Amino acid sequence: QQPVQSPQAVILREGEDAVINCSSSKALYSVHWYRQKHGEAPVFLMILLKGGEQKGHDKISASFNEKKQQSSLYLTASQLSYSGTYFCGTEIPGTYKYIFGTGTRLKVLA
Amino acid sequence: NAGVMQNPRHLVRRRGQEARLRCSPMKGHSHVYWYRQLPEEGLKFMVYLQKENIIDESGMPKERFSAEFPKEGPSILRIQQVVRGDSAAYFCASSPGENEKLFFGSGTQLSVL
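Protein sequence lines, in the order shown, are assigned to chains A and B. Going left to right, the first sequence walks through residues 398 to 507 as the working numbering numbers them. Going left to right, the second sequence walks through residues 16 to 128 as the working numbering numbers them.
Hints listed in this document are in silico derivations from the structure and should not be mistaken for laboratory results. Please read all numbers here as calculations on a predicted model, not as lab measurements.
Distance condition first, Cα-Cα at most 30 angstroms in a straight line; then the derived DSS-like pairs of lysine-lysine:
id : chain 1 : residue 1 : chain 2 : residue 2
1  : B       : Lys59     : A       : Lys456
2  : A       : Lys434    : B       : Lys116
3  : A       : Lys494    : B       : Lys42
4  : B       : Lys86     : B       : Lys66
5  : B       : Lys59     : A       : Lys504
6  : B       : Lys59     : A       : Lys494
7  : A       : Lys465    : B       : Lys116
8  : B       : Lys77     : B       : Lys116
9  : A       : Lys423    : A       : Lys464
10 : A       : Lys494    : B       : Lys116
11 : B       : Lys116    : A       : Lys504
Per the computed footprint, the stretches of chain B lying under chain A, defined by three or more beta-carbons under 8 angstroms from a beta-carbon of chain A, are:
id : region
12 : 63-74
13 : 115-128
All C-beta atoms in this analysis are idealised placements derived from N, C-alpha and C, irrespective of residue type, glycine included.
Please put together the full structure from these sequences, using the hints given.
Now the structure itself:
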């Protein structure tokens, strides 16, 4: 039931790009993305509500394909501050249960 | 406008003792979620509450764990007779409604000796 994220971990050099995927076996009506730095609480990045919707925030953007039940997070020209663990989150349709994906650990090196 | 407040930040208990974790949601937020996180792992859903109601507790162990969100005061996650396996970070999150983004507290790190 838990959305599966890929890759599990990725190491980048500053300035490189990365894509993080989130796939669900259940229908998704919306997807949220969060970043958690080590020892801290997760922080909301963005929400995608409609199939095919794309959003951008600075150099981080995301897409949501409702039909494929998946979302992707795009990080371009990565900065050291992008390091952390990224989680997709979603509310299971028909319930009030809000669950998170398996997580992707991202490390950006200078 | 204060964020989600959790306390204590760190809690040390001996096996068999009780642990009480508190969470005050953001002002205006009526939805509270509790999650458990082991080191280097993801966020595992435990329970979802609204004021005076447990809406979904499917992620809570059947024994020793309970949660409440009273009409007045913070939400409480209670763990009775703690065991070493209960050691984890417990995060509380709140939202203003369904399918809204979650705002997280700083978490409580529970250590059971």
